[in-house]
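Student: Now for the letters of each chain:
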Amino acid sequence: MHIMYFTEQPMSAYPAEEGLKFGATALMFPNTHFDPVAGSRLYNEFIEQYKLAEAVGFDGIMLNEHHNAPFCMQAKANIFASILAAITERVKIVILGNPLPLSENPVRIAEELAMIDMISKGRLVSGFVRGGGQEQLATGVNPAYNRERFEEAHDLITRTWTQPGPFRFEGNHYHNRVVNPWAVPLQKPHPRIWIPGVISRETVIWAARHRYPYIALNTTVEQTNRIWELYDRTAEEVGFTSGPEYHGYLKQVHVAETDEKAIENARQFTWMQGEFTGLAHPVWSTPSGYSSPDQRRGFVEFSTGRGSSPRRRPSFEEQIRDNMIIAGKPETVIAKLRQVMEQTRPGIMSLWANDGFMSQQDSLTCIRLLGQEVLPAMREAAKALDLKSPFEAETPVSLAFSQDLKPRPAAAE
Amino acid sequence: MADAIAWQESLLPIAGVQLRLRRAGKGPPLLVLHRDTGTLEQLPAYAELARHFELLLPEHPGYGQSERPTWMRSVRDLAAVHRWLLAELGLPKAALLGLGFGGWVAAEMASMAPLDPAQLILAGPMGIKPPEGAILDQALVSHIDYARAGFHDQAAFEALYGADPSTDQLVEWDICREMNYRIAWKPYMHSLTLAHLLGGVRAPTLLLWGAEDRVVPPAAAAGWQRAMPRAQRETIPGCGHCIEMEKPAELVRLVTTFAQRG
Chain A
120 MHIMYFTEQP MSAYPAEEGL KFGATALMFP NTHFDPVAGS RLYNEFIEQY
170 KLAEAVGFDG IMLNEHHNAP FCMQAKANIF ASILAAITER VKIVILGNPL
220 PLSENPVRIA EELAMIDMIS KGRLVSGFVR GGGQEQLATG VNPAYNRERF
270 EEAHDLITRT WTQPGPFRFE GNHYHNRVVN PWAVPLQKPH PRIWIPGVIS
320 RETVIWAARH RYPYIALNTT VEQTNRIWEL YDRTAEEVGF TSGPEYHGYL
370 KQVHVAETDE KAIENARQFT WMQGEFTGLA HPVWSTPSGY SSPDQRRGFV
420 EFSTGRGSSP RRRPSFEEQI RDNMIIAGKP ETVIAKLRQV MEQTRPGIMS
470 LWANDGFMSQ QDSLTCIRLL GQEVLPAMRE AAKALDLKSP FEAETPVSLA
520 FSQDLKPRPA AAE
Chain B
-13 MADAIAWQES LLPIAGVQLR LRRAGKGPPL LVLHRDTGTL EQLPAYAELA
37 RHFELLLPEH PGYGQSERPT WMRSVRDLAA VHRWLLAELG LPKAALLGLG
87 FGGWVAAEMA SMAPLDPAQL ILAGPMGIKP PEGAILDQAL VSHIDYARAG
137 FHDQAAFEAL YGADPSTDQL VEWDICREMN YRIAWKPYMH SLTLAHLLGG
187 VRAPTLLLWG AEDRVVPPAA AAGWQRAMPR AQRETIPGCG HCIEMEKPAE
237 LVRLVTTFAQ RG
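For the protein sequence lines, the chains are A and B, in the order given.
If you count the first sequence from 1, you need to add 119 to reach the numbering used here.
So that you can map any letter, position 73 of the second sequence is 59 in the numbering used here, and since no number is skipped, the others follow by simple counting.
Because the hints were derived from the structure by calculation, they are not lab data.
Since this is a predicted model, take the numbers as computed values, not measurements.
Among the clues, some could well be false.
Unchecked claim - In silico EDC-like pairs for lysine to aspartate or glutamate, Cα to Cα no more than 20 Å straight-line:
| # | chain 1 | residue 1 | chain 2 | residue 2 |
| --- | --- | --- | --- | --- |
| 1 | B | K172 | A | E267 |
| 2 | B | K12 | B | D(-11) |
| 3 | A | K455 | A | E492 |
| 4 | A | K195 | A | E167 |
| 5 | B | K172 | A | E223 |
| 6 | B | K12 | B | E40 |
Okay, chain B solo, but in the shape it has when bound (with noise of 0.2 Å):
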């Protein structure tokens, strides 16, 4: 896997916050759509898709460095912010890769405008309650123990957090959680709306889960099927949640290999 890359960061005035964005590589624009935990600085995987995509990663507001509007109250708000900063980079056409919880922004997005998207990528999206059993509610665990539930190889968390993260990152897991619970506290990290919505959207979609995902019960799949039914579907065996950190090779050969053919 490629060497950390070389982000170019900047901050932008985006509905009366400043967002922070990184770019990097070369490439048709991809919008990364990061996860409830936000996001490591670097990844493996983030440098290996910067070698094929143009790579756009903001943070959410209200995660990580991203300034909080404390007017925000849902998820499909901060699909709304999103699209105001596509508009804003003058690519609107951007395909979406969305992690998880950045799985149910980027469909929300794609609902907005069905057209706009050049290909939907969703791995183990939250935001449609599955059909048994529910999203892993990270109110009733602590923040490493949820942090560790997104991994089916604990090595593979370890290698990225440490055997005991900081203090630092709990700090920002907790400003994460913070942000989670003021838009999407009840219903908990999902939508009773967003499966009604989908059905126009054009852009090719490749929904990715791991097979052992203990945040995302697997069976939400189904209901993800269902809303779009024309939905490529792949399953990672060996691998968690956290599709992008533990499988990095698997999800960028998927990623490269959708985004090629679409």
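Looking at chain A on its own, in the form it has when it is part of the complex (with noise of 0.2 Å):
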């Protein structure tokens, strides 16, 4: 099993009671109420927890992107990538991910990867994502194109990566007259790539289709068997057997001294989640066309408040109950966790540790418990289970790079 931290990084220290004022605390909430002096200091307290996380034995550190909220700092997931690249030595760098349709340059992502890929000796994983609604909104990107600039640049990166140049790439979004970036990547045929997600099914069948691990975002128990049930159905479609080394899973864990004490802290992450939905304006978050067209009923409901959102989280009570927050002591997580993921059998998980609030104290506290008591009982029940990483399991990069396709049967076509 393949273990990452990951913190959203979350810019705290914004007066929490403005964004209820204003109804909102993305897009839009104005960047007057950022502090830079705060900044400059999570940054760097983000900065000691990865290079604790290394240090107690995670194996890889899990990197995202959001823009114009709180809710997230890294506006770029390339520079926390670069920083780690350097300032650690054995973590794999996982971004899940880069949002490609936001780019202009494709051709540019590939470079940044490539190198951070050279700099941190291979350890980079490079996932990529549609970004979310308001996203495009931040950067003026079109959301009707959001899938097809996706594939589009997905296409033209990796075939940067293996195709060697200078070569030409005209598409309906992409206009490449020369491709022949220097910088290439240290791993051959090149970097893995991981495909995280939350509800879209064509994400899913996406994924499946070029055999990238699917990473679910905090999903309930439910929905991330859905899902494998969606990619194992697909793999198999286009000549492979999925199994736990396809299948990621991000989950909310937190863990203290005490029960109590880890309870109160986990109630941080509702937090995030009310920043990130329920204070989120719904025709931002899912602007006209970004979303497949048969949840366009449910989207224009729940933009003028007849329909509870897609995305809706239940109380933090229950997401206790029904193991979506998982916090406690270690032995309550070790419990917790063991029981997920018996239910859901992932080859990777990625642990959401520290949000909010949280102080740096009782973040790094948590790195420290997780590290010493919790990764190795993890490591032992992934053992039990044979939950394999795709690192551990061998698996191909990609479906273009696999040599073992099983024959697919003339009727299907």
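Reconstruct the complex from the two isolated chains, following the hints.
Tutor: Laid out in structure tokens, this is it:
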């Protein structure tokens, strides 16, 4: 099993009551509420957390990015990935992911990632995402072509990494006269690509068709297993057998010395949920054309208050009861994680351990306890359950680079 | 105002998609180009105009019940489709009445065939960047708030759409929105070239603006008048962006008077 440390890098030092007053804490919530002095302190605290995560035995550090919102201070995942490439020695640097449609020049992304891969001596895992709805507006990118841009940018990046230059690329959205960057990845044929997601069926199917592991972001056990069913069925269709090495799972997990303290701290996870969903303007988070047409009615109902958010999260108590948030002293957390691992059988797990206003001291204690007590127990459980990571299973990086595909039945064509 | 009209409806294959066209009335042909929020089936203004004109009301490709052309990338493409439609109908010289976003489409059409339109009537047209302010960005407001912003008098909005528009209406607005984004996202709802192409248009042109237009600032009229110095301008007091829905009698009076003179 591959176990990662994750934090959203929350900008917790802003006046929360101002967000409530404004009615939204993304896109248009004025950045005069951002305090760069606190920002500087927080960025450096996150670096300290990452260093400790490596020291206590995590296999990877998961990074992401968002724009115009306090719930995530990373405006460019590749910047933190570059920092980690230089200051860590062993952990995988797992970007989940670069929001491809936001880029006007994917070759530039390919170059940056290649540099990170070389500097880190081949420790990059390069995930790709579509970017949230608000991100499209924050960067002026057309939401109606989001998926087209995602797929085209992906094709251009993987070709840039694997096809000798110079070559010409002419798509609908990207037009490159000369693709011939001098930075190419150290890992061959290219760094592993993992695809994170929440509710979009199209993305699950797309990931499976490329044989990229899919990382379910903080979904319920039931949602997660439904995702695996769809992924595994698609995998069979394209000629490989899926399993834990293709299944990743991000969970909110917080550990403290006592159950009481952990539960109290874990309430901070709802801070981020409030930011991300409860206080997002639905028209901003789901611009027209961004989602699949079969979700159109649900989203317009949500946007007028006639329906609940398709991304709605239940109450904190329910989330604790249903293991959506796992919090407690190490023994409590280990027992619950074992249960979730048995129920969902992932080969990749990401522990989203700290959020909101959790103090740096409590965050570091959490990371230490995870490393000393929880990770060894998880590894033991993973061994017993035969949950292998893509590295342990030595899976090919993609369908295109697979030598072991099963012949497809002729009738399927 | 007149009652509802019985449309003659047809689907025409144009540019690879099925275009929905409704026709009614007798008189010189008048092509009505609808808004970025689509169009209702019936409007008092349509019924009244049908008494004076042969009214041609297509739904833009990708809007309402007209099929979406996935290849379409610009409002100029959309205008070319409507030119094709007029050729198909044998009515290349039909007068053009463009409502808001439809005014942009009409102006593009006129710039493509400067001798053709019998008259060009642009009601609060988008398409040229206002010298100050900006065209209201629907990407930042809800579907209902955007539709309401088109009306100075909210009672006029509610009389047509209801105080609480149906979910079906919201879905329709969302489909329109997606198509607006596909062809007019950047620059948002205006063209960088149109103003330079209008000088050749020979059609008598009427520019109408609601004095209280909150969607396309009335200051935008200055840009149009620079591009089309011979255009006649009329301002409708106490009226927002959606002139045909808020002041239908006034719109019909101005259009018929202008057409008779033209």
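Student: Evaluate each hint against the coordinates.
Tutor: Against the structure, the hints:
| no. | hint | verdict |
| --- | --- | --- |
| 1 | B:K172 x A:E267 | holds, 17 Å |
| 2 | B:K12 x B:D(-11) | holds, 16 Å |
| 3 | A:K455 x A:E492 | holds, 14 Å |
| 4 | A:K195 x A:E167 | holds, 19 Å |
| 5 | B:K172 x A:E223 | holds, 14 Å |
| 6 | B:K12 x B:E40 | holds, 4 Å |
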